[in-house]
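Enquirer: So the chains spell out like this:
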Amino acid sequence: MTSTLSRLPALVPPPTELPPRAAALRAEVRAFLAEERAAGAWTPRADVWLSGWDERFTQELGRRGWLGMTIPVEYGGHGLGALDRYVVTEELLAAGAPVAAHWVADRQIGPTLMRFGTEEQRRRYLPRIAAGECYFGIGMSEPDAGSDLAAVRTRAVQVDGGWELTGTKVWTSGAHHAHAFFALARSAPKDDANRHAGLSQFIVDLDSPGVQIRPIPLLTGAHHFNEVVFDRVFVPDGQVLGELGAGWAQVTGELAFERSGPERFLSTFPLLTALLGELAGTSGTEREVGRIVSRLWTLRRMSLAVAGSLESGEAPELAAAVVKDLGTRFENEIVDAARTLVAVPPDPGAESGFARLLADAVLHAPGFTLRGGTNEVLRGIVARGMGLR
Amino acid sequence: MSDVLDLAESVLAGSASAGTDLDGALWTALEETGLARLTLPEAAGGSEASFADAAEVLQAAGAHAARVPLVETDLLAGWLLHSHGLEVPDGPLTAVAADLAVDGTAVRGALERVPWARGVSAVVVLTPSHVVLLPVDGLAVTDGANLAEEPRDRVVVDGADAVVAPVAEGAAAEFRLRAALGRAQLLAGAARGALARTVQYAGERVQFGRPIGKFQAVQQQLALAASEVAASGAAASAAAAAADRDGFGAASAAFAVAAAKARTGEAAGEVARIAHQVHGAIGFTREHDLRLLTTRLWAWRDEDGSDARWQAELGATVLAAGPDALWPLVTGTP
Ligand SMILES: Cc1cc2nc3c(=O)[nH]c(=O)nc-3n(C[C@H](O)[C@H](O)[C@H](O)COP(=O)(O)OP(=O)(O)OC[C@H]3O[C@@H](n4cnc5c(N)ncnc54)[C@H](O)[C@@H]3O)c2cc1C
Chain A
1 MTSTLSRLPA
11 LVPPPTELPP
21 RAAALRAEVR
31 AFLAEERAAG
41 AWTPRADVWL
51 SGWDERFTQE
61 LGRRGWLGMT
71 IPVEYGGHGL
81 GALDRYVVTE
91 ELLAAGAPVA
101 AHWVADRQIG
111 PTLMRFGTEE
121 QRRRYLPRIA
131 AGECYFGIGM
141 SEPDAGSDLA
151 AVRTRAVQVD
161 GGWELTGTKV
171 WTSGAHHAHA
181 FFALARSAPK
191 DDANRHAGLS
201 QFIVDLDSPG
211 VQIRPIPLLT
221 GAHHFNEVVF
231 DRVFVPDGQV
241 LGELGAGWAQ
251 VTGELAFERS
261 GPERFLSTFP
271 LLTALLGELA
281 GTSGTEREVG
291 RIVSRLWTLR
301 RMSLAVAGSL
311 ESGEAPELAA
321 AVVKDLGTRF
331 ENEIVDAART
341 LVAVPPDPGA
351 ESGFARLLAD
361 AVLHAPGFTL
371 RGGTNEVLRG
381 IVARGMGLR
Chain B
390 MSDVLDLAES
400 VLAGSASAGT
410 DLDGALWTAL
420 EETGLARLTL
430 PEAAGGSEAS
440 FADAAEVLQA
450 AGAHAARVPL
460 VETDLLAGWL
470 LHSHGLEVPD
480 GPLTAVAADL
490 AVDGTAVRGA
500 LERVPWARGV
510 SAVVVLTPSH
520 VVLLPVDGLA
530 VTDGANLAEE
540 PRDRVVVDGA
550 DAVVAPVAEG
560 AAAEFRLRAA
570 LGRAQLLAGA
580 ARGALARTVQ
590 YAGERVQFGR
600 PIGKFQAVQQ
610 QLALAASEVA
620 ASGAAASAAA
630 AAADRDGFGA
640 ASAAFAVAAA
650 KARTGEAAGE
660 VARIAHQVHG
670 AIGFTREHDL
680 RLLTTRLWAW
690 RDEDGSDARW
700 QAELGATVLA
710 AGPDALWPLV
720 TGTP
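Here the protein sequences line up with chains A and B, keeping their order. The first sequence runs contiguously to residue 389 in the working numbering. The second sequence runs contiguously to residue 723 in the working numbering.
Just chain A, same shape as in the assembly:
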């Protein structure tokens, strides 16, 4: 058979083994989580990185050195690697711990400021991010620009000493609690021949005059999403992020960090644990449980492989898209399995336990395959990677 293999790019990097020091770190995190659970500090929930906002918990993580782990020590961080951070985040998610407050700042804003931020911006935000005291949002999406991010219409007009932003951002997770966000805006008129040109990123402090934040309730009724309206919001020159006009490249770089982490397959893990509790002592479900676990184990190995490749300085965009597509579908499969294997109706009013976790998971599930770029759009990236577009 003639070789056609060389035409296909590597879809996932080779397996990554965690460094030996990871085991001690993991044990420390587990002991801390067990202690907090025993003290009743929080109850495990599904989709905690979206809905588990708990500033006390976040600051406690900061105190223990588990935020800003990859940020250099001179900026208040801990100068560790992506794999150390991976171990901590996967333990937190698997336990269903409330991590939403710091999630965006820790995952995305820190690394992006290290890449594109000015010295002043780094000094201003990074130490507080690592301490768990400064929370961020992401201001990319707009009413007419979701999958098609190049269609953003928020305008940045140059004025004396800075820029004035006017426009509307939507679906901004946590904006009502956050101190600041990265806003993607048009700083030069749209050029139809090059739609990606003329976009810039601005760091907008959300208490700036002219910013209005309005809640958009989720299916659960919870306030998580927001509409953020700018009416000539002044952003000083010192708060331009990276290079003017390079917003598109910067945003796509950010997305590589956003797409392959353990949060893309562990959102419903606490429900899976509860499901096993419900199934204890019964028989006949071994096959379905094994099917799920084989998928989970594989996804974790894939996600870890991407983390390993990020750590060695690569940007495995294709692999990240593959992991996110498979992972977010898997999060839904856990919901289906829970419903199919146990005849307990979901109960959003329950304090805790299987029925409550199931209720949260069902109502959160539609978001899994949307946030961070929809699965259809990710498959477009994979198709391009295979040379089809």
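It is worth saying that the hints were derived from the structure and are not from the lab. Any given hint could turn out to be false.
Unchecked claim - Selected chain B positions facing chain A (in silico; Cβ < 7 Å):
hint, residue
1, 494
2, 630
3, 648
4, 707
5, 712
What the hints assert, rightly or not - Negatives, chain A to chain B, calculated, CB over 12 Å:
hint, residue
6, 75
7, 148
8, 249
9, 273
10, 277
11, 298
12, 385
Claimed, not checked - Okay, the calculated beta carbon distance ranges per label pair:
hint, chain 1, residue 1, chain 2, residue 2, range
13, A, 28, B, 595, 55 to 61 Å
14, A, 34, B, 557, 38 to 44 Å
15, B, 605, A, 160, 45 to 51 Å
Because the structure is a prediction, the values reported are computed rather than measured. We put the CB at the ideal spot given by N, CA and C, even for glycine.
Start from chain A and add chain B with the ligand according to the hints.
Expert: Frame of chain A; chain B with the ligand shown alone:
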């Protein structure tokens, strides 16, 4: 690409994949390059390579639908013989776990679905009590086949003058894991091969004035297949790494191999389905080479423990361990 994969690709690329019997020319080339007994110790004529290296070679063999008993010779028969203090004969070998009546060196019984039996130089049998090396003359072989038309023969032994050793503890469990590990590599490779051919075809086949790969519906299907291929490869490679790191006796390696065989088996059906859909009717014919890969995917997912079987075993382990043990099992860290 690693050196060993480079070498494997160069040897396998020229192989003739049509036909059903063992590809003797390819086998000779594999022997000459040291790829045929990759993981065996030097004392057994092997290259002492890791399972991770073997995984690369086996995945490449799967992708090229190579007609050679690599898993059987290296991972199974060679290992069984050498680990039981028996000499490993030259040439391609095969191995099965089955019951035979052993009386001194006289052995009686029937073996079903023995891979490649008609082309090998010796058959190794793991019985509940013995490891038995059967020279091929004196065996009655009836041809049989799997869905891919690979030899899966019936072998009748009637008093052959066998070489026999008492079985070591744990050999049966390790045999099962090694067979499943090897099969998972072949599956991952065949899935990758089927995707590569399908992507290539989608770029060439024109309908409505465009290559079909330009249609978003086709792209979405191919991306789904690609994610299954990626999962397959990742699972198979990670299981090989676990075997290298922990050894087959470790619970972590057993868990990894079970998960990998279950996952690669599951991916096989999805990849074959999409590959055929994108190929249209031509892929449904004997004249097209796609079948060499898809029939292997269908055959191999049910060999050495079907995905359903390994899923059930994995599920039983997880349920017995209880909810709090799941995460430690998945991370391999108690
Ligand atoms: C829980 C959650 C949190 C979020 N948090 C934030 C946040 O903090 N900040 C932020 O900026 N955004 C956030 N988002 C927004 C998210 O990034 C967008 O929802 C996403 O990019 C999709 O955009 P859209 O909702 O406008 O859908 P649309 O773009 O309108 O898409 C609708 C449907 O059409 C499909 N589609 C669209 N274009 C194509 C195409 N070219 N090919 C194939 N299919 C296509 C999509 O896949 C989707 O299924 C969040 C979303 C969710 C669900």
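Enquirer: All hints, please: hold or fail.
Expert: Hint by hint, here is what the structure shows:
no. : hint                       : in the structure
1   : 494                        : 42 Å, violated
2   : 630                        : 5 Å, holds
3   : 648                        : 4 Å, holds
4   : 707                        : 5 Å, holds
5   : 712                        : 4 Å, holds
6   : 75                         : 30 Å, holds
7   : 148                        : 14 Å, holds
8   : 249                        : 24 Å, holds
9   : 273                        : 5 Å, violated
10  : 277                        : 4 Å, violated
11  : 298                        : 4 Å, violated
12  : 385                        : 8 Å, violated
13  : A/28 to B/595: 55 to 61 Å  : 59 Å, holds
14  : A/34 to B/557: 38 to 44 Å  : 41 Å, holds
15  : B/605 to A/160: 45 to 51 Å : 47 Å, holds
In this structure, the earlier hints numbered 1, 9, 10, 11, 12 are contradicted, and the remaining ones agree with it.
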